[in-house]
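For reference, the chains in residue letters:
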Amino acid sequence: MFRDEYFILALKNTLKLMAVVPIITIAIALVLAFIISQSDLKERGLYRTVFYFPNIISLTVVGIIWSFVFHPTMGILNSFLNGVGLSAWAKSWLGDGSTALWCIAVTLIWQATGYYMVMHIAAMDGISSEIYEAATIDGAGPVRKMFSITLPLIKDIIGITFVLALSGTINLSFTLSKVMTGGGPNGASSVLLQYMYTQGFINGNFGYAMAITVFTLIISIALSMVSRKLTNSES
Amino acid sequence: MKTNEQSRRQAAALRWVVRIFMILVTVIMIYPLLWNVYSSFKTNNEFLTNAFSLPKSLAWDNYARAIEKSNLLSNVGNSVLIVLITLCVIMVCAVPCAYCLVRYKFFGSRLMLNIYMAAIFIQATFIMIPLFLQMNALHLLNNRVALAVLYATMQFPFAIFVLSGFLRSIPRDYEEAAMIDGCGPFRILIKVIMPMAKPGIVTVCMISAMAAWNEYPVALVMLTDPEKQTLPVGLANLYEVQRYATDWGALFAALILALIPTIIIFLIGQKQLIQGMNVGGLKG
Numbered sequence: 013m014f015r016d017e018y019f020i021l022a023l024k025n026t027l028k029l030m031a032v033v034p035i036i037t038i039a040i041a042l043v044l045a046f047i048i049s050q051s052d053l054k055e056r057g058l059y060r061t062v063f064y065f066p067n068i069i070s071l072t073v074v075g076i077i078w079s080f081v082f083h084p085t086m087g088i089l090n091s092f093l094n095g096v097g098l099s100a101w102a103k104s105w106l107g108d109g110s111t112a113l114w115c116i117a118v119t120l121i122w123q124a125t126g127y128y129m130v131m132h133i134a135a136m137d138g139i140s141s142e143i144y145e146a147a148t149i150d151g152a153g154p155v156r157k158m159f160s161i162t163l164p165l166i167k168d169i170i171g172i173t174f175v176l177a178l179s180g181t182i183n184l185s186f187t188l189s190k191v192m193t194g195g196g197p198n199g200a201s202s203v204l205l206q207y208m209y210t211q212g213f214i215n216g217n218f219g220y221a222m223a224i225t226v227f228t229l230i231i232s233i234a235l236s237m238v239s240r241k242l243t244n245s246e247s
Numbered sequence: 215m216k217t218n219e220q221s222r223r224q225a226a227a228l229r230w231v232v233r234i235f236m237i238l239v240t241v242i243m244i245y246p247l248l249w250n251v252y253s254s255f256k257t258n259n260e261f262l263t264n265a266f267s268l269p270k271s272l273a274w275d276n277y278a279r280a281i282e283k284s285n286l287l288s289n290v291g292n293s294v295l296i297v298l299i300t301l302c303v304i305m306v307c308a309v310p311c312a313y314c315l316v317r318y319k320f321f322g323s324r325l326m327l328n329i330y331m332a333a334i335f336i337q338a339t340f341i342m343i344p345l346f347l348q349m350n351a352l353h354l355l356n357n358r359v360a361l362a363v364l365y366a367t368m369q370f371p372f373a374i375f376v377l378s379g380f381l382r383s384i385p386r387d388y389e390e391a392a393m394i395d396g397c398g399p400f401r402i403l404i405k406v407i408m409p410m411a412k413p414g415i416v417t418v419c420m421i422s423a424m425a426a427w428n429e430y431p432v433a434l435v436m437l438t439d440p441e442k443q444t445l446p447v448g449l450a451n452l453y454e455v456q457r458y459a460t461d462w463g464a465l466f467a468a469l470i471l472a473l474i475p476t477i478i479i480f481l482i483g484q485k486q487l488i489q490g491m492n493v494g495g496l497k498g
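If you're matching them up, the sequences are chains A and B in order. If you want our numbering, it's the position in the first sequence, counting the first as 1, plus 12. If you want our numbering, it's the position in the second sequence, counting the first as 1, plus 214.
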């Protein structure tokens, strides 16, 4: 298995996604959650609903819609770049080996942020407002409050959501890479599970596919053990 | 020291900056969907000339073509059938299970709860191949009822997790009162516990229904007969086909049709959904 260059490619792609997507997703989710739970904008509830919305759409639909966003001629992204005058940047996002994987990453972030944001909002709402008032009296601005008060107090929740995001990335990348790119130009956007699917169901190498599955399973078991430790430490 | 006026102005300015940021994020979150909606009303020519203009008139025939070209109606029917069966199985199995694990402290109940919690992370894509081989050996491939039972099983860990959270918060007094009145455990479960745990049960049902409706990998693998396939699989196939054909309008229409039930359920139940996720996910 480790000598198969396509496997190594799929593994590298998955690891790249796992390194980038959860961090960005959780970071954006935290910022949005902080704004929604702490600011006094009247339309807060509306934002919460709207931001959660991308998460309820079937991932296949998400994949198809975003394939159109990245479409070379009719896509939203390229049309936007052309309209703004940055046509030099417009290219075939899904067809280009170097960008295909990141398109999947962007789509993953888009649909997952709302989910984690909602969890963070619940956690942040549990922090008593007296602490924030004390901070305001001491002259703290909102950014300071977020970093010094909010984040430390919900550290455990962030741990849980981060692990969930990691495991979600591994799983959901399968659907997206299958629907959006089919593995990408020459395997550039194939991910572990999608490669397993190709091997198992299209090539018929069930044994090999199982080996890949076991490997992925080990990674995910390691992740779940980490998360168990974190939840145990909070209870 | 800043004067009151200054601070108030600063606060208002900050509020506006934040508001603009949030509106920007809203646009990013919503625009792809909106684009999908109004593109589904354009004719193909309109779409090809300018992808962004609003449709000149509502081309409902896109929807007609979407329905007749793909197996869309049968896909929807299959999805509905499967979701209903999944919900039934979950109600029958998960609720009593959560109840037992919460109320009856027998040897190993703690361990079982922990196993269920850990099982939340084992998702179907990992065990696709053994699952496929097992179902094959049981001759249950291409069987929608079997798929529904499979979906229910996949939802069990999360459902039991959320339900046990809800059930734990029901005070025992009600059950004790019922027992004094002579109810056996089954009657207690049905007459006393279930009505009280209704919010939790509704939440679990909604989350499971949406998961089953939107599920792709397992359905892809288990259902090979186009007549029996569920909606996500049907849509993905449609997309594959349409990549080379050019009936974009029908494709967009199909996507919107697929989204409508989810959106309706979401709008009706969003408060419950979000509440349920918080209780189950963050408390003990």
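Bear in mind the hints are in silico, worked out from the structure with no lab data behind them. Just so you know, not all the hints are guaranteed correct.
[Said to hold, decoys possible] Chain B is nowhere near these chain A residues, computed Cβ spacing over 12 Å in every case:
{"#": "1", "residue": "35"}
{"#": "2", "residue": "55"}
{"#": "3", "residue": "88"}
{"#": "4", "residue": "122"}
{"#": "5", "residue": "140"}
{"#": "6", "residue": "146"}
{"#": "7", "residue": "159"}
{"#": "8", "residue": "184"}
[What the hints assert, rightly or not] Simulated DEER-style distance windows between Cβ atoms:
{"#": "9", "chain 1": "B", "residue 1": "218", "chain 2": "A", "residue 2": "24", "range": "55 to 65 Å"}
{"#": "10", "chain 1": "A", "residue 1": "52", "chain 2": "B", "residue 2": "387", "range": "32 to 42 Å"}
{"#": "11", "chain 1": "B", "residue 1": "344", "chain 2": "A", "residue 2": "148", "range": "49 to 59 Å"}
{"#": "12", "chain 1": "B", "residue 1": "401", "chain 2": "A", "residue 2": "167", "range": "38 to 48 Å"}
{"#": "13", "chain 1": "A", "residue 1": "167", "chain 2": "B", "residue 2": "244", "range": "27 to 37 Å"}
{"#": "14", "chain 1": "B", "residue 1": "241", "chain 2": "A", "residue 2": "54", "range": "14 to 24 Å"}
{"#": "15", "chain 1": "B", "residue 1": "244", "chain 2": "A", "residue 2": "43", "range": "35 to 45 Å"}
{"#": "16", "chain 1": "A", "residue 1": "95", "chain 2": "B", "residue 2": "325", "range": "40 to 50 Å"}
{"#": "17", "chain 1": "A", "residue 1": "234", "chain 2": "B", "residue 2": "223", "range": "46 to 56 Å"}
{"#": "18", "chain 1": "A", "residue 1": "141", "chain 2": "B", "residue 2": "454", "range": "47 to 57 Å"}
[What the hints assert, rightly or not] As a list, the in silico DSBU-like pairs of lysine-lysine whose alpha-carbon atoms are at most 35 Å apart:
{"#": "19", "chain 1": "B", "residue 1": "412", "chain 2": "A", "residue 2": "241"}
{"#": "20", "chain 1": "A", "residue 1": "157", "chain 2": "A", "residue 2": "54"}
{"#": "21", "chain 1": "A", "residue 1": "241", "chain 2": "A", "residue 2": "54"}
{"#": "22", "chain 1": "A", "residue 1": "54", "chain 2": "B", "residue 2": "412"}
{"#": "23", "chain 1": "B", "residue 1": "319", "chain 2": "A", "residue 2": "241"}
{"#": "24", "chain 1": "A", "residue 1": "167", "chain 2": "B", "residue 2": "405"}
C-beta atoms are modelled at their ideal positions from N, C-alpha and C, and glycine is treated no differently.
Tested hints:
1. 35: holds (18 Å)
2. 55: violated (8 Å)
3. 88: violated (6 Å)
4. 122: violated (7 Å)
5. 140: holds (16 Å)
6. 146: holds (17 Å)
7. 159: Residue 159 of chain A is indeed farther than 12 Å from all Cβ atoms of chain B, at 16 Å.
8. 184: Residue 184 of chain A is in fact no farther than 12 Å from some Cβ atom of chain B, at 9 Å.
9. B:218 x A:24: 55 to 65 Å: holds (58 Å)
10. A:52 x B:387: 32 to 42 Å: holds (41 Å)
11. B:344 x A:148: 49 to 59 Å: Check passed, 56 Å falls within 49 to 59 Å.
12. B:401 x A:167: 38 to 48 Å: holds (45 Å)
13. A:167 x B:244: 27 to 37 Å: Holds, since residue 167 of chain A and residue 244 of chain B (Cβ atoms, about 32 Å apart) stay within the stated range.
14. B:241 x A:54: 14 to 24 Å: holds (19 Å)
15. B:244 x A:43: 35 to 45 Å: violated (18 Å)
16. A:95 x B:325: 40 to 50 Å: The hinted range 40 to 50 Å is violated for residue 95 of chain A and residue 325 of chain B, with Cβ atoms some 60 Å apart.
17. A:234 x B:223: 46 to 56 Å: About 52 Å separates the Cβ atoms of residue 234 of chain A and residue 223 of chain B, which means 46 to 56 Å holds.
18. A:141 x B:454: 47 to 57 Å: The hinted range 47 to 57 Å holds for residue 141 of chain A and residue 454 of chain B, with Cβ atoms some 52 Å apart.
19. B:412 x A:241: holds (32 Å)
20. A:157 x A:54: This hinted pair holds, its Cα atoms lying about 21 Å apart.
21. A:241 x A:54: violated (39 Å)
22. A:54 x B:412: holds (31 Å)
23. B:319 x A:241: This hinted pair holds, its Cα atoms lying about 24 Å apart.
24. A:167 x B:405: With a Cα-Cα distance of about 41 Å, the restraint between residue 167 of chain A and residue 405 of chain B is violated, given a limit of 35 Å.
Hints 2, 3, 4, 8, 15, 16, 21, 24 from the earlier list are contradicted by this structure; the remaining hints agree with it.
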